[in-house]
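A.B. asks: Sequence:
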Amino acid sequence: MDGMAVFSPEVVAAVLHHMNDDHIDDNVLIVRAFADREVSDATMHDLDEHGGTWHYAFEGEQQELHIPWPGAPLSERAEIRRDIVALYDAACEKLGVEARPH
Numbered sequence: 001m002d003g004m005a006v007f008s009p010e011v012v013a014a015v016l017h018h019m020n021d022d023h024i025d026d027n028v029l030i031v032r033a034f035a036d037r038e039v040s041d042a043t044m045h046d047l048d049e050h051g052g053t054w055h056y057a058f059e060g061e062q063q064e065l066h067i068p069w070p071g072a073p074l075s076e077r078a079e080i081r082r083d084i085v086a087l088y089d090a091a092c093e094k095l096g097v098e099a100r101p102h
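Mapping to the working numbering: the sequence shown position 56 is 56, numbers consecutive.
Hints in this document: simulated from the structure, not taken from any laboratory. Just so it is clear, CB atoms sit at the ideal spot from N, CA and C, and this is done for glycine as well. One or more of the hints may lead you astray.
What follows is a list of derived Cβ distance ranges for each label pair [what the hints assert, rightly or not]: (1) V85 with A5: 18 to 28 Å; (2) V97 with P70: 17 to 27 Å; (3) R37 with P68: 15 to 25 Å; (4) I24 with E59: 14 to 24 Å; (5) A72 with K94: 16 to 26 Å; (6) A13 with A72: 33 to 43 Å; (7) N20 with E59: 17 to 27 Å; (8) R82 with A13: 15 to 25 Å; (9) N20 with H50: 30 to 40 Å.
Within a straight-line C-alpha distance of at most 25 Å, the following computed DMTMM-like cross-link-like pairs (lysine to aspartate or glutamate) qualify [what the hints assert, rightly or not]: (10) K94 with D26; (11) K94 with D46; (12) K94 with E64; (13) K94 with E59; (14) K94 with E38; (15) K94 with D41; (16) K94 with E79; (17) K94 with D25; (18) K94 with D36; (19) K94 with D22; (20) K94 with D83.
Given the sequences, and given the hints that come with them, work out the whole structure.
C.D. replies: Laid out in structure tokens, this is it:
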């Protein structure tokens, strides 16, 4: 690896925009399951080939949660969606929530 980011800033921005605009509830579900905390608000803050980072409030404090991708390290943009869906499915299973079809 030559120190270059695998995903361009444009790809990261597009994924974050999509997750934070279209999948707000999924962000909360993923953070609830993987932080094992009852949260009501969460945003995806960053991602790289190793995992995604979410920010959320807990007991009045801003917190950060980094979750490794199930298929890490990722190298293709399509793998980001695949692994976010895998995190969502795992979160649903852990929390006993019925996952919607993908």
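A.B. asks: Any hints this thing doesn't respect? Which numbers, in order?
C.D. replies: Result: hints 6, 9 break, sorted rising.
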